[in-house]
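Q: Here are the chains, one letter per residue:
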Amino acid sequence: MNLDDELKSALRREDPPAGFAQRVTARAQSRPARNPGMLRMIWAAGIAAMLVIGVTSVSQYRQVQGERAAQEAVTALRIAADKLNMTRDKVLKLEN
Amino acid sequence: MKTLCVAVLLAGCAAAPLAAQIRITGLDGLSSKAKASVDITLDSSMLHMAAGFLGGDGKDKDAAKLKDLLSGLKAITVRTFEFKEDGQYRLEDLDPIRAQLRGPGWNKIISANEDGELAEIYTRTEQGKVNGFAIISAEPKELAVVAIEGSIDLSDLSKLKALGVPSIPIPQQNKNRNKKGKEE
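Chains as they are written, first to last, in numbering that gives the first Met the number 0: chain X, 0 to 95; chain V, 0 to 183.
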């Protein structure tokens, strides 16, 4: 048997077994129908979770930024006060 | 043409306050020579945010005083350098800053110059109120420039050292963002 014959034999048209179409239809009908309400709830829960994570992250970022700004402001004012007092003392010392 | 003129005028008006702000320039190269340095720049939004984290409940009086002090400020810039040896900077490095402080509105109220040490305090007044303040302190091994924009009472500021300055914990990863070495 040559290659052409082998291919023809392998790819020859065959009718499905009896009752195939009915079995497929029955299987399809037996699957439970998806609940669209449930799907919507899953989506809503996912979006809500993402929102909560996002808001929490932004809030934490602002907290860190604010604390750092406060610390830097206090440090800056403390340095300014130190230098102000030091300069005043220097001038007083020079005057005396 | 009229639109262009109006736009130019508006741009000029908007630029005027910016031009009045002191920019601490010419000191960038000193950080690498210094054993410790502090570089703090806070604009009005950062100061507003900072004030929100100080004495919000009113129970801590010292923090409340700090908050009051901050409330009138528009910007703070602090640059300090501490060197191991003398001669790591020249007084000429301060010329760009001092040139700005010779501008309109600024007055040198205190100046002390002795043995190579320089200390100057400048204020800017508008309608009789102090709305800007700058300090230049130059010592052989230490250099500090402070520029504060906004209304500030210098007597309140000088009393700050006596206040119990609250310590706010900073998350470790951000602690040294603007600081090199250890202040104090």
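Honestly, the hints are just simulated from the structure, not real lab data.
Take the hints with a grain of salt, since some may be wrong.
[Unchecked claim] In silico lysine-lysine, DSS-like type, Cα no more than 25 Å apart, as pairs:
1. V:K66 x V:K32
2. V:K32 x V:K64
3. V:K34 x X:K92
4. X:K89 x V:K140
5. X:K89 x V:K107
6. V:K140 x V:K64
7. V:K64 x V:K34
8. V:K32 x V:K73
9. V:K73 x V:K34
10. V:K107 x V:K34
11. V:K83 x V:K128
12. V:K83 x X:K89
13. V:K140 x V:K32
14. X:K92 x V:K140
15. X:K92 x V:K73
16. V:K64 x V:K158
17. V:K83 x V:K107
18. V:K73 x V:K140
19. V:K140 x V:K34
20. V:K140 x V:K66
21. V:K73 x X:K89
Q: Would you mind marking each hint as holding or not holding in the structure?
A: Cross-check of the supplied hints:
1. V:K66 x V:K32: Roughly 35 Å between the alpha carbons, so the hint for V:K66 and V:K32 is violated.
2. V:K32 x V:K64: violated (36 Å)
3. V:K34 x X:K92: Violated, at roughly 29 Å.
4. X:K89 x V:K140: holds (17 Å)
5. X:K89 x V:K107: holds (15 Å)
6. V:K140 x V:K64: At roughly 32 Å apart (the allowed maximum being 25 Å), V:K64 and V:K140 break the hint.
7. V:K64 x V:K34: Violated: V:K64 and V:K34 sit about 33 Å apart, past 25 Å.
8. V:K32 x V:K73: Measuring from Cα to Cα gives roughly 31 Å; hence the hint is violated.
9. V:K73 x V:K34: Distance ~30 Å between V:K73 and V:K34 Cα, so the pair is violated.
10. V:K107 x V:K34: violated (30 Å)
11. V:K83 x V:K128: violated (40 Å)
12. V:K83 x X:K89: holds (23 Å)
13. V:K140 x V:K32: Holds, at about 11 Å.
14. X:K92 x V:K140: Distance ~20 Å between X:K92 and V:K140 Cα, so the pair holds.
15. X:K92 x V:K73: The given pair, whose Cα atoms are some 33 Å apart, is violated under the 25 Å limit.
16. V:K64 x V:K158: holds (10 Å)
17. V:K83 x V:K107: Not OK: V:K83 and V:K107 at ~30 Å, beyond 25 Å, violated.
18. V:K73 x V:K140: Given that 25 Å is the threshold and the Cα spacing comes to 30 Å, the pair is violated.
19. V:K140 x V:K34: The hint holds at about 10 Å.
20. V:K140 x V:K66: violated (32 Å)
21. V:K73 x X:K89: The given pair, whose Cα atoms are some 29 Å apart, is violated under the 25 Å limit.
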